[in-house]
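Q: What follows is each chain in one-letter form.
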Amino acid sequence: MTETPVISCKNVWKIFGPDPAAYIKQMPQDHSFDAIRADGYIAGVKDVSIEVGRGEMLVIMGLSGSGKSTLVRCFSRLHDITGGTIEVEGQDIMQLSEKELIELRRNKMGMVFQSFGLLPHRTVLENVAFPLEMRGQDKHERRARAMEVVKLVGLEGREEYFPRELSGGQQQRVGIARSLAIEPDIWFLDEPFSALDPLIRREMQDEFLRLQDMLGKTIVFITHDFDEALRLADRIAIMKDGAVEQCDTPDQIVLHPATEYVRKFTEEIDKARVVHAGVLASPDNKGEGEPVDAGATIQELAKLLVHDTRDVIPVAKQGQVIGGMERQAGLTILLETG
Amino acid sequence: MADATEVHGNISPGFGGLSRSKAALVLVAVAVALTLLRYAGLLPDALFRVPEAMVPPFAIWLDAIFNFVKDDLGLLAVTRTLTEGLEWILDATANLLFGKRRWPNLGPIPWTSIAAVAAVIGYYLGGWRMALLAGGTFVWTALIGQWKIAMETMSVLVVAAPLAFVIGLTLGILAWRKPWVNRALKPILSVLQTLPFFTYLLPAVIFFKVGPTAGAVATTIYAIPPMILMTTLGLQKVSPEVVEAGEMSGCSRWQLLRHVYIPSARTEILVGVNQVIMLCLAMVVLTAFIGMPGLGAKLLAMMGSFKLGRSFEIGVTIVLLAVTLDRMSKAWVVKQPEHFEKGTPWWKRHLTLVLAVGLFVFFIIVSQFVEVAATIGRKQNFSQGKEIDTLIKGFLNIDAVKAVTGFLRAFLNVQVLIPFRNFLLSIPTPALILLVTAFALWLGGRKQAILAAVFFSLVALSGWWDRSVITLYSVISAVALAMIIGLPLGIWAARTERWSKRILLVCDTAQTFPSFVYLIPAIMLFGITDIAVIFSILIFAMVPLTRYTIEGLRSVPEEMTEAADMSGATRMQKLINVQLPLALPTMAVGFNQAIMFAFFMVIIAAFIGTQDLGQELQRTLAGTDLGKNFVLGICVSLMALTFDLTILKWASDQKKALGLGD
Ligand SMILES: Nc1ncnc2c1ncn2[C@@H]1O[C@H](COP(=O)(O)OP(=O)(O)OP(=O)(O)O)[C@@H](O)[C@H]1O
Ligand SMILES: [Mg+2]
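Line by line, the protein sequences are chains A and B. This note's numbering puts the first residue of the first sequence at 1, with every later residue one more than the last. This note's numbering puts the first residue of the second sequence at 1001, with every later residue one more than the last.
None of these hints come from the bench; they were simulated from the model. Some hints here could point you the wrong way.
[Unchecked claim] Straight-line C-alpha distance at most 27 angstroms; calculated DSSO-like pairs for lysine-lysine:
| id | chain 1 | residue 1 | chain 2 | residue 2 |
| --- | --- | --- | --- | --- |
| 1 | A | K151 | B | K1501 |
| 2 | B | K1148 | B | K1100 |
| 3 | B | K1335 | B | K1501 |
| 4 | B | K1148 | B | K1070 |
| 5 | B | K1307 | B | K1402 |
| 6 | B | K1070 | A | K139 |
| 7 | B | K1237 | B | K1655 |
| 8 | B | K1649 | B | K1186 |
| 9 | A | K99 | B | K1178 |
| 10 | A | K151 | A | K10 |
| 11 | B | K1100 | B | K1209 |
| 12 | B | K1342 | A | K139 |
Okay, chain B solo, but in the shape it has when bound:
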């Protein structure tokens, strides 16, 4: 407790008459002094780390609360009942998609039927190219021999996504109607969005049984927040005159919601649907960690045994599915109703439906006679796993490649990463808290500084300080490296319209990939090492950095760059004096997203073998250590929230100061 109170003692008076940056400097000075004292061997151990004896048993308290809620309040009985219902639905979709022996005992639906229907829907939403993408994805999945595992994944997705949609929509409507619901939801949502996904998984397992049900529940909960936000946003934006027209038409409240508000908020709601689908896909793949069979589990197994070829193929399938689902749902967002001329026959009005049903039935009949149209057998697929494996390993064995990866590995590890990590670990706990507080004070302000101090003190008191610092180290080093590559790339691309578009498209597409697949290239290049962890976070975090840099630079008003041109500025001067300052707030949003992504990824990378919180979190999944799981999860969340609150505050302050709209 000692250091926590000391921290508070330090900031509050520090505000006195001091300006923000001066106060921040004072905090830094104290931190440096503390660290130097430690190096000189003068700092007592109790001020270096919170002594073991002083760590409150949070995990045990939480466990007690959970047990109380679970058993005494009977939550477990409730969820077990819910589980039955959910299990029944999941069994039904499992039967239809991959032939699990359960009611309705009709499946599996032949892959040709599903591919055909996907193509028709693709055509309806986005013409031939979309049809090709959608149909092609499913054909690829079947031919490569991954149909069953893909359908295992899909059988959970088709339940979780609609569930998340309905719950998110309902909560979104409530939050819009009742300001107090909105106020109550806001902080919960921001914590939920920073909570590492392992923290979703364990409660799901405990309350909803291992396997698809827990997977579906964790996936659903994970995907709800953006749906709530988009719904509320959409409903708030409905034009008041349209609402008044509804009122004057004599709508009751329910009619107003059903016929006026929701259809008018269509665009935002569909954007929410898109996000729900993408988050569900990302999450459902990750449920492999709690034994959910499917693409994720297979990928995990293949990567674990270093079968790079098969991992690559599964990665391609996941990426194709992600891109297809993303493009189709986005096409749905922009699709506007078109009228039919009077007297158009029924079948023409519903051509898509007729075609889809027709092809669906046609292929079901065909597959009664032609075996391969129903399922692709074990020996019939075109998987080239072994060959790709040899190819990749051959490539990695080329001396030049080996030299480069070897050098990078050695250089980064020995010269940069390990020294940096050891340095962070050598800073006394109170000093690091002070440094973070100073950072929050300088960028954000008083409120952010207080929150930062409280949040990091809590982390210190959790008893997981060293692992938290290692987590922080991975995040900071990966984001720093990502900036070294991502920012110049963004700045370079922003110079021309054409390259901006191209790189933005790449970023957009990359952002739809489930985070899991970013591990594949990392493991390919660097094996199972610390560098692979950093590398996977790096490429994941680079996407938002590059993207927001381009968007920030491109949105600088033209008159301003022209004014710089007319003042005879060189390209470099223009960039540094005009474009970058104006783009900085937007770039900060990208930076923030990169940090959030990094916190997310660092936990997943636990799979490769790290010594941070993620590793411990992953371990809790094997047991029923709910208390510990939450303590760890909340540590990650608190650290992430500190950055989130501070950087976003800075970005919005800066935007206001520069007179830029949001």
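This is chain A alone, in the form it adopts within the complex:
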């Protein structure tokens, strides 16, 4: 990636406790999470360095309490970080004045909250129009725009309801609609689909992929659901005790887990569904005959892998052969978890 990343954070720390700023100054290097806790502090985010490129969808995963929400809150400066730097589009966000920060949020950022964060005294439509109202858009325009997104999330006909008159899933969709209203370039989603039923969930995921394709939004997405992560992610970051254990493409994470923890975390996943032919292709031996598509998963190629007789199967990307995949390697993955 040659262009500057949209979000770039270096050695970011977020420590909770009585006086974090003083604490971090005197804290020894490589102090572990438990040692910090013994001192009466909690490392919400621990020495995280990560970059998110334009149009990329980064998925953050990890157990409950691992610091996912906290990290995203640091990106949007809902939390002031204790150490390190975060740059958004080249701008150090800790240096922003209150006014600049408000401008950034009004025009560039959107966020969906884990427990929705709806305003209880406003109707669905008024909740969705809220960011537009804060921007000072006139009433008719903002109602029209809010109506559009309310339709988009499938809440048409409910726009006059109050949050407490809606189900959990419906409330969550209001939260999604609200974050969409200003058409943000950068979008933070904290378990945005957790309360949705599988059908709507799938629909919303498709909608997301479509939006990202069309508008090239940069998205940071938190989820507990691996299937969801696989469908959406360009890269996955796995967190534990505030630190990022590994951040890579899904294929790499299942094929080459960086730590024992990541290996355990990904153990249950069906690798054949994750790994793509392109990843297994090596340019040294291109093989012969009909090529397979680089974007196809091993599972999709199962039949071919079993019945084919070639040792090396050529792999093509957009019609261009980029290398060969050893059939044995594919079969190993298929059988390992099948």
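Based on the hints, put chain B with the ligands in the right spot on chain A.
A: Chain B with the ligands only, in chain A's frame:
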């Protein structure tokens, strides 16, 4: 000064290696020794009471400070300007409500219009029953012939309550934003809440002229503290994620407060509104003591001339108003917005508004033609004052009743109250201070003990010791009697769900009555006597005692009582060994409230004629003795605070020890 330093000399080392209860015992022993010495005639007079010559002239000092602030700093000029503005508003509401000849010269609004609007609002908030209550209250007021005095009271209330709301909300927001404001406000608020209301009245009169303006100011100040507390509480409780959603929507600070914080804290803020209204009503009635015309003044006059029938009727009006205002504001707290289907016509969305305006105008037009719809004339009302009077007096004259009240009066006075009072008065000042300190040490702890010693020493130095002791005597005897009745009642009611609910409802309702009306039954039964004072405090203080006893007992976790049942405990054993110990912290809160209520009531009862601080306080109202007024007020406040701090500390310690949440 001598005794004060001696007291300090006694406690500090007393902590040495001694445990708290041992140290308390030592203090008690010293106190007993001092008292016995006195009885034996061996204690010098200087140790019995602070000698006259040693009393610092607090009143004169305070007066000097007040005069400095008032004249030299020009506060009086400021308040007089404020007075003009306030007076203008009060004149306007007075014109609208009862036709005082002032701008805008439109009033009085016909009583039918006001009753109709009240009913519509009642319907909007709580359906038919509320409509009936609200409309009925105003109809009753008009028909009984008290419309004008009720509106005199209301004209101050409708100004004071919004004022208290705005000021309380603003201060509450400041206290929430700025921790130092919060720290500064906390002690001021707790003193304000224990300061007897007469102490509010005199400065109000001096700075804001006699009559409605002073009444409105005193009422406003009195009602502010709970609004501040509720606002701060509500704002602190707003869910952080809602706030973050507001921030991510690009709210500026002001927008965040206006659109996110305040609407989300709606419930607490409305509870604050409810308390503001109720305190305003209680206070505005009491402003009768500084000549504010209205329901309070009329009640005062009627009770003074022993017209029980009319007093009773006015009492009913006040109670009805209180219940209506309380229920309506509480209904507002729980009322949640409901959506309208798309395409609902405008008038249907605003049905309440349309109805209210419609009926309001309708009755104004009607009253142009029908005289009684506008005002009920002197001879047209349905007051039964004389008849009720005869009825009550007849009832009191029945031999059996007379025998009972007569016996109670004689027995309590001669056998219990007077001996107790004389005993308290016979204790040397330092000994009593030691006893109170021991009490605070035993229940509260070191900090509470030191405060108790300092507070009571100050009272001793104020030069009003005997009257303070008499005040204390009234409070203690009334609360003790209230416990004899209230606790068994509470324990009995807590046995069944049904009776708990009923008695709690009665307590809830009784708690909304302005304190003044508690004097009515007391005077009816016991005339203008000491017993009437005790009796009025007793019923006032019984309400929180009973209520918290029930709540404490009902909140004992079910597993614990079941465990007792399974261990084969009898009902009595269960009560004594399981339920009461667990309920005690909650009951202590009720006990504390009872004492605070008693301190409040004992001052009002000065009206009946007592020899305590209240009597002196009431006397200061006639003059401009601001210094003396404050010294007296602060004496009451210091005594009340001592109990407040100690008992609440004990209750919270105990709750923690038992692992019960708040
Ligand atoms: N405002 C705060 N003050 C103190 N500690 C906090 C605060 N916010 C989060 N924490 C702590 O930081 C840690 C990480 O919390 P975080 O909410 O980021 O977890 P998470 O990964 O989002 O978990 P979940 O999947 O349950 O949402 C937790 O131990 C939490 O207790
Ligand atoms: Mg989270």
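Q: Now tell me, hint by hint, if it's right for this structure.
A: Now the hints, each set against the structure:
{"no.": "1", "hint": "A/K151 - B/K1501", "verdict": "violated, 48 angstroms"}
{"no.": "2", "hint": "B/K1148 - B/K1100", "verdict": "holds, 10 angstroms"}
{"no.": "3", "hint": "B/K1335 - B/K1501", "verdict": "holds, 22 angstroms"}
{"no.": "4", "hint": "B/K1148 - B/K1070", "verdict": "violated, 36 angstroms"}
{"no.": "5", "hint": "B/K1307 - B/K1402", "verdict": "holds, 19 angstroms"}
{"no.": "6", "hint": "B/K1070 - A/K139", "verdict": "violated, 52 angstroms"}
{"no.": "7", "hint": "B/K1237 - B/K1655", "verdict": "holds, 22 angstroms"}
{"no.": "8", "hint": "B/K1649 - B/K1186", "verdict": "holds, 16 angstroms"}
{"no.": "9", "hint": "A/K99 - B/K1178", "verdict": "holds, 22 angstroms"}
{"no.": "10", "hint": "A/K151 - A/K10", "verdict": "violated, 39 angstroms"}
{"no.": "11", "hint": "B/K1100 - B/K1209", "verdict": "holds, 18 angstroms"}
{"no.": "12", "hint": "B/K1342 - A/K139", "verdict": "holds, 18 angstroms"}
In summary, the structure is inconsistent with hints 1, 4, 6 and 10 from the numbered list given earlier, while agreeing with the others.
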